Every structure is written in structure tokens, then in C-alpha cells.
Amino acid sequence: SAVISQKPSRDICQRGTSLTIQCQVDSQVTMMFWYRQQPGQSLTLIATANQGSEATYESGFVIDKFPISRPNLTFSTLTVSNMSPEDSSIYLCSAGTGDGDTQYFGPGTRLTVL
Amino acid sequence: AQKVTQAQTEISVVEKEDVTLDCVYETRDTTYYLFWYKQPPSGELVFLIRRNSFDEQNEISGRYSWNFQKSTSSFNFTITASQVVDSAVYFCALSEAQFSGGYNKLIFGAGTRLAVHP
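Protein sequence lines, in the order shown, are assigned to chains A and B. The first sequence begins at 1 in the numbering used here and counts up by one. The second sequence begins at 1001 in the numbering used here and counts up by one.
With the rest of the complex left out, here is chain A (with noise of 0.2 angstroms):
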């Protein structure tokens, strides 16, 4: 299995700040993940990260508010931008480690926004 790190583990903002989220994992892996979990909510897939290309968006997502980098194998970025207190959420993220289409997590980054 992967181990996954993510900085920072929480953070408190302003609305109308950006965050930058960062995801290492401790091998190459070729897809990895960035998933929003709101308060008391399931997890909601917010794009894939793939090394070398764009970052593909699920329906409801943008670019402009989640910028996402995956500039090698093992690292990615994932931006909030322009936040409001309705981004304030557990943002995880994941990547698969080649036995199979299992997908280990990083620890999340809890957010809050003022």
C-alpha cells in the first residue's frame, strides 16, 4: 500500500483567499485523485490528476475554482480559490498504487472558511 501525505492538515481562511493543498505519495503512481467530503457528507470526486496532461473535472467542478497541478508521479496540488464559508470542508486526496484499482488516502485537509 501507498502512504500518502497531505499539508497542511488543516487551516482556517478568509473568504476571498486561495489555498493550495499538497499531496505526495511515497511511490509513482499514474492516476491520483482530489475528493471533497462537506460536513457529515459522503465523499464527491472533484477531478483526476493525471501526470503530463489537464486535470479532468467532475460535473459541478471548475478549473477556475480548483486549480489542480500534477507536475511528477508522486506529487499533486489542489487549489481552492476565491473561497467562501461553502468550501469548508475535509479535501482528500488519493492515488492508486498498481495492485489492482485499489485507492489509498491521504489523512485530509480540513478546511474552514470565516
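No lab work stands behind these hints, which were simulated from the structure alone. The model shown is predicted, which means the values in this text are computed figures rather than measured ones. Glycine residues also receive a C-beta, built at the ideal position from the N, C-alpha and C atoms. Keep in mind that the hints are not guaranteed to be accurate.
[As the list claims (entries may be wrong)] Some chain B residues judged to face chain A by a derived CB distance under 8 angstroms, without partners named:
1. G1043
2. E1044
3. L1045
4. F1047
5. R1050
6. F1054
7. K1105
8. L1106
9. F1108
10. G1109
11. A1110
12. G1111
[To be verified] What the simulated footprint calls covered on chain A by chain B, stretch by stretch (three residues with Cβ under 8 angstroms from a Cβ of chain B suffice, anywhere in the stretch; the number is not a length):
13. 39 to 46
14. 102 to 110
Given the coordinates of chain A, assemble chain B onto it according to the supplied hints.
Coordinates of chain B only, in the frame set by chain A:
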């Protein structure tokens, strides 16, 4: 369309009771994967099991067991002799396989919050 239903929103049991968490899924594909994840209060998502659509054998891992039945599109999870440390939100998820390789997104159920009381 893919869909995962976890009808039980919350379950409360007393320690040492057995508890079953239900999961029903919908997919049009014949090749797919099913998962269970545990999310303790700390928030991280812990992988528990993966099952592919061609393997209907039930699995047991310690106090955990899983019952996969394609005929009813269900993948239920049983905890035997529950413990306080089992208190968490449990998510069932579905992923359709890509024949070209790589990974597909996970479709999560709403989750079941399990509270185990001493």
C-alpha cells in the same frame, strides 16, 4: 448509472454485539470493484477490503467479514463482537474497471455511522 446505497445512516450497538452494515450497488458493467473504507473520528480514510465482480467468495479478516452477492447486488460488512474502537463512519464504494489499465473514480455511498458503546 453507477450508484451505491447505504440505507443505514446510523447504527448504535453495545460492545460485543455483532453488527452488519448494508451496501447495495448499481452498475451496468460486468467488471467492477467494490470497496469498504473506515473513517474514524480523526478523519482519515482507511482501506478495509477490495472485491472484484468475478470473486463472490466471502472473506473473513479477524472480526470482520464481508458477504458479496451479485444476485442481490449487495456487499454487506459484518463486525463480530464489536469494540469501542470500531466506532467510525464506514463507506462502501464502487469502481468500474478500465480494460486499458489505470484507475477509475470511486463512487461512494452515503456512509453508515457506527457507534459502539461500552
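Hint by hint, here is what the structure shows:
1. Of the supplied interface hints, the one on B/G1043 holds, with its beta-carbon coming within about 5 angstroms of a beta-carbon of chain A, less than 8 angstroms.
2. Taking 8 angstroms as the C-beta contact cut-off toward chain A, the hint placing B/E1044 at the interface holds, the least distance being around 4 angstroms.
3. The criterion of a C-beta within 8 angstroms of any C-beta in chain A is met by B/L1045, whose closest approach is roughly 4 angstroms, and the hint holds.
4. The closest approach between the C-beta of B/F1047 and any C-beta of chain A is roughly 6 angstroms, which is under the 8 angstroms cut-off, so the hint is satisfied.
5. Interface hint at B/R1050: satisfied, since its Cβ lies 5 angstroms from the closest Cβ of chain A, which is below the 8 angstroms cut-off.
6. A distance limit of 8 angstroms between C-beta atoms decides the matter here; for B/F1054 the minimum to chain A is near 12 angstroms, and the interface restraint is violated.
7. Restraint check, B/K1105 versus chain A: the minimum CB separation of about 5 angstroms is within 8 angstroms; hint holds.
8. The interface hint given for B/L1106 is met, as the beta carbon of that residue sits about 6 angstroms from the closest beta carbon of chain A, less than 8 angstroms.
9. Satisfaction of the interface hint for B/F1108 is found here, the shortest Cβ-Cβ separation to chain A being roughly 5 angstroms, below the 8 angstroms cut-off.
10. With a least beta-carbon distance of about 7 angstroms to chain A, the hint placing B/G1109 at the interface is held under the 8 angstroms criterion.
11. Nearest Cβ of chain A to the Cβ of B/A1110: about 5 angstroms, under the 8 angstroms cut. The hint holds.
12. Checking B/G1111 against chain A by beta carbon gives a least distance of about 5 angstroms; that is within 8 angstroms, so the hint holds.
13. Using a Cβ-Cβ cut-off of 8 angstroms, 5 residues of the stretch 39 to 46 of chain A lie near chain B, which meets the minimum of three, so the contact claim holds.
14. Proximity of the stretch 102 to 110 of chain A to chain B, defined as three or more residues with a beta carbon under 8 angstroms from a beta carbon of that chain, is established by the 8 residues found.
The earlier numbered hint that this structure contradicts is number 6, and it is the only one.
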